[in-house]
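**Q** Okay, here's what each chain looks like letter by letter:
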Amino acid sequence: MIDNFLLLVQNPSFALDVVLNGLLVGAIFALAAYGMSLVWGVLNIVNIVQGELVMLGGFIAFMAVSHGVPPLAALPLASAAMFCVGWLLYRLVIFRVVDKDLFISILATFGLSILIQQLTNTAFGSDVRSIDTGLGSFYMLDGAVTLAWIKLAAFALALVAGAALWLFLRHARLGQAIRATAQNARAAHILGIDTDRVYVVTYGINAALCGAAGSLAVMAWTIHPYIGLPYTVRSFMIVVVAGLGNVGGVVAAGLGLGAVENVAGFVLGAEYQIAFVFALMVLILVWRNIAAARRRSYLS
Amino acid sequence: MNYKLLARATLLAAAAACAMMTQAHAADADTIRLGAAVSLTGKYSSNGVYTRNGYDLAAKLINEKGGVEVGGKSYKLEIVYYDDESTPARGAQLAERLIQQDGVKYLLGPYSSGLTEAMAPVTEKYGVPMVEANGAAVSLFRKGYKYLFAVLSTTDQYLQPAVQLAAGRADDPTKLKIAMAFENDPFSQDVREGVTADAKRFGMKIVVDDKLPPELNDMSATLTKVKLLKPDLLIVSGHEKGASTAIRQLADQRVNVPLLAMTHCDSAQIAEKLGKAAEYTLCAAQWAPSLTYSDDLFGKAGDYAALYEKTYGEPAPYQAAESSAAVQVFAAAFARAGSLDPKAVRDALSKTDIKTSYGPIKFDETGKNVVKPMVLFQVQDGKYVVVWPEKWAEAKLRAPTPSWDKR
Amino acid sequence: MIDKLIARFERIPQWALIAGLGVVAVSAPFIVPSLATQLAFLWLMVVLAQTWDVLGGQMGYNSFGNVIFFGIGCYASAVVQRDSGLPYFDALALGLLVAGAVSLLSALVFGAALLGIRGHYFAIATLGLGIAAGEIAAGWSYVGAGSGMAMPLYPGALGQREIFFYFLMFAIAAACFMTLRALYATRFGLALNAIRDDEDKAEAMGLRTTQIKTMAWAISAFFLGLAGAVAGNMLGFIDPRDVAFSGATFGVWMVLMAILGGKGTLWGPVIGAAIFHLTKELFWTYLLGWQRVALGLLIVVIVLFFPQGIMGWLAARKAGARA
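Quick note, the sequences are listed as chains Z, D and B, same order. For the first sequence, counting from 1, position 294 maps to 294 in my numbering; every step adds exactly one. Positions in the second sequence are counted from 1; adding 1000 to them yields my numbering. Positions in the third sequence are counted from 1; adding 2000 to them yields my numbering.
Bear in mind the hints are in silico, worked out from the structure with no lab data behind them. Keep in mind that this is a model prediction, so the values were computed, not measured. Hints are not guaranteed to be accurate.
Keeping only pairs whose Cα atoms sit at most 27 Å apart, straight-line, the calculated DSSO-like set for lysine-lysine is [what the hints assert, rightly or not]: (1) B/Lys2280 with D/Lys1105; (2) D/Lys1073 with D/Lys1391; (3) D/Lys1396 with D/Lys1383; (4) B/Lys2318 with D/Lys1125; (5) D/Lys1125 with D/Lys1343; (6) D/Lys1391 with D/Lys1300; (7) B/Lys2318 with Z/Lys100; (8) D/Lys1230 with D/Lys1396; (9) Z/Lys100 with B/Lys2201; (10) D/Lys1396 with D/Lys1065; (11) D/Lys1406 with D/Lys1391; (12) D/Lys1143 with D/Lys1175.
Okay, the calculated bits of chain D under chain Z, using three or more residues with CB under 8 Å as the criterion [what the hints assert, rightly or not]: (13) 1212–1218; (14) 1273–1287; (15) 1329–1343.
Where is the CB? At the ideal position from N, CA and C, for every residue including glycine.
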């Protein structure tokens, strides 16, 4: 462990590689986390099925590419297809949990996630899928730092999507309706906003973002039907750290998580990388609680 | 507490219990029923299906050729399946259920070492012979099980050839550096044990030794370490996901290693799916269609592969070939035992010494097959070509792997 | 006719029902010895659902990570049985004791850290805790790392083992049930409900909520630890992620069973566990390859249409009939 740490300190260019690769990974997490933040804020649902939406997006992109669609065109395609999936999911199940207890939504979406995993497995098999974009890698510092172009593209896309989302929520008519519903659904409804439509569109946008994240994941790494949970949990962590309705915070938290995770994997050894992520999440929640308690005592 | 309510609910539960008790089973007098819990869902479901296909193919062919002669009477084989969902807890329960409720007296193994590990204590306890084809962990054969037989080579042998190959090519093996990335599951950790033992024997230095969690689909931290420490041999084992991910990211991060060896590359179809990036990779395999093994049932190894492809519409993975062999071992043992008593069948199994299209099979006293070697493929021009052992080599090893800017 | 049957059935007093259940439970493994292991798992399910309900139902703290105590129990007992050098049954007894104690102590520690967190943040924090625990166990070679641990073989005669573990599990389930039944009748039970209904008010009324919450978690952890130790021995093999800290199976089943039966009631989790276990077994038998799809659907249907559980549904029907 200490050896690994020293290795990083002695080889700053490789340390840069670890951090940069982590940042790029974080961009894909951030993309999925935008959606979770949106759904949580507007529908008041903790969407455990998030990771499965990412996975489905990846599978759609994979199917498209294996039918001859060029990889970069598969991404918007998967995104659009996932918007429809999201729409459908909302109309079938999600609308029933919107005004229910948060815990009910957690369990219902958990049930959905098992269902989707299993149906995907039945339909496509549990094989590991991956798309080779043929874009190659970008390298510098004598090859010490190598970044796959697809990951750089993912990074750029995550930033663009974040900016677009921010602009949409701020300036578009529908975006404003979404924000109004998030602030006070009843008041929005009274003022003539069709909240049901807002909900379905919000959930659709969430699924579309997941679809984009999934297509990038299948191009940068691999996917299989059971890959969802880590994406769900990371999205959740990012949203908890960033706070609801904070697009900039989501980007920062997502990138930070990616980098921290990769460094931890290097220093602690890969066997503790996932344990580290989850333990970190617990610590963040504990810390958040202590901080909140302190704030309360200031007030009194 | 309103107990009237409670009474109603109890009635409901009782009704459900009655439904459960009505599971009936009946066996025809002239069939032999083999039980199997395989992974039809969950993370091992692809390999679970290969396993089932292999069992089915052998049973079908044996039945078509008149079944098994036991004590002058001919029996057909029938296989009872359950889905273990790739979880050991379920596997252990299902073994129990097959034996106790379905009255099965002989078991075929599940897919993966972990599940075999979970089921073996159960079969042992009931004295039910289990012939398995997909649980290779050495630890299985250190427990003194008397009713467990495995047709495949054990895990410690999977990647030892790669270590030996590297040692053989070096002027001074003690100068060699090895990097290892193994998934954190019973199978891969067992492979690791074999590799570590061999590396120690040659005095090689292990510079990276990472255990990858099964949920992890990003190896970039490990690979940066590899890039930094420049090992002469990189060994990866993590089922299909580990193989695909490693090839993918080695190419993306342009990590140069003179020799790369892994498991499960053929079932992960790295050559088909990852193209050029997969070239030069060494793959450990239990079996290959190009080998010269043969038997009366399937013919040559190549004939088996052709029949499998015709039946299931996909190339034959070694997981299926070894599963078929397990059924053949059972059939041969029934015939030799001349009786269907589990004890007699066990004794006949322990004396197995047969040739199959999957390879020769002969068990030592711990129940593992000691006469069939592993083979090493290398991906050459998009094909899996046997390069080791030399006896069956189809082509010469291409090594060392050129660096990425020259590929 | 059915109504008459139900009406007659409803006249049986509760003590008679408990006694009757006890007689059935004690005689079951002798009547259907081939089902002994499955019935033992039924009692395991009962323990899981009941212990979850202490926090989730009675106290209103939805934990997704209770499986951690089950896992700690599995491993604590396995380590004792491996290293103590005692004969089988002595080691098992010591293992059970240690499993219960370690689970209880860890609940005190985790409780102090986590029980201040409220609502869904608590649910997710516990989920993270459960998964992290599984990953740590999978990386730690003292407990076999990713290869898991095999339990020592039962030394007795064939067929005895199932009966032995059946009664052990039944004893734990019964002890757990009676303890909770007694507990819910005391002020402590009322305090739990007070925390569920309004924690701030409960605190304002002078209840030491942190202590009560931690105590409740420790009690449920104690029984979970015991159940884990026995379950590990029953299965014979502990895998860190798929057996001990299996959030996707035991971890979520316990929540579902409690909800299905009716959370916040004494009998709800018991009935939920029974029905869930039976349904699951039937799925596994008759829906080869589709059982997880069916399970996922079942979860969705349960939480969407029976969020109050069977007990709640029956109560509502009854109220409706009367009105």
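**Q** Hints first: check each against the structure and report whether it holds.
**A** Hints and how they fare:
1. At most 27 Å may separate the alpha-carbon atoms for a hinted pair to count; B/Lys2280 and D/Lys1105 meet this at roughly 25 Å.
2. For the hint pairing D/Lys1073 with D/Lys1391, the CA-to-CA distance comes to about 42 Å; that exceeds 27 Å, so the pair is violated.
3. A hinted pair counts as satisfied when its Cα atoms are at most 27 Å apart, and D/Lys1396 with D/Lys1383 qualifies at roughly 13 Å.
4. A threshold of 27 Å between alpha carbons decides the hint, and for B/Lys2318 with D/Lys1125 the separation of about 50 Å lies outside it, so the pair is violated.
5. In summary, the hint linking D/Lys1125 to D/Lys1343 is supported, as the alpha carbons are separated by about 13 Å, within the 27 Å threshold.
6. For the suggested pair D/Lys1391 and D/Lys1300, the alpha carbons sit about 17 Å apart, so the restraint of at most 27 Å is met.
7. With a CA separation close to 24 Å, the supplied pair B/Lys2318 and Z/Lys100 stays within the 27 Å bound.
8. Distance hint between D/Lys1230 and D/Lys1396 is fulfilled; the C-alpha atoms sit about 25 Å from each other, no more than 27 Å.
9. For a cut-off of 27 Å, the pair hint linking Z/Lys100 to B/Lys2201 stands: about 23 Å separates their Cα positions.
10. At roughly 40 Å between alpha-carbon atoms, D/Lys1396 and D/Lys1065 are farther apart than 27 Å, so this suggested pair is violated.
11. In summary, the hint linking D/Lys1406 to D/Lys1391 is not supported, as the alpha carbons are separated by about 31 Å, beyond the 27 Å threshold.
12. With a CA separation close to 36 Å, the supplied pair D/Lys1143 and D/Lys1175 exceeds the 27 Å bound.
13. Coverage of a stretch by a chain is defined here by at least three residues with a beta carbon nearer than 8 Å to that chain's beta carbons; for the segment 1212–1218 of chain D and chain Z the count is 6, and the condition holds.
14. Here the segment 1273–1287 of chain D counts 4 residues with a CB under 8 Å from a CB of chain Z, which clears the bar of 3, and the coverage holds.
15. With 0 residues having a beta carbon nearer than 8 Å to a beta carbon of chain Z, the segment 1329–1343 of chain D misses the requirement of three or more and the stated coverage is violated.
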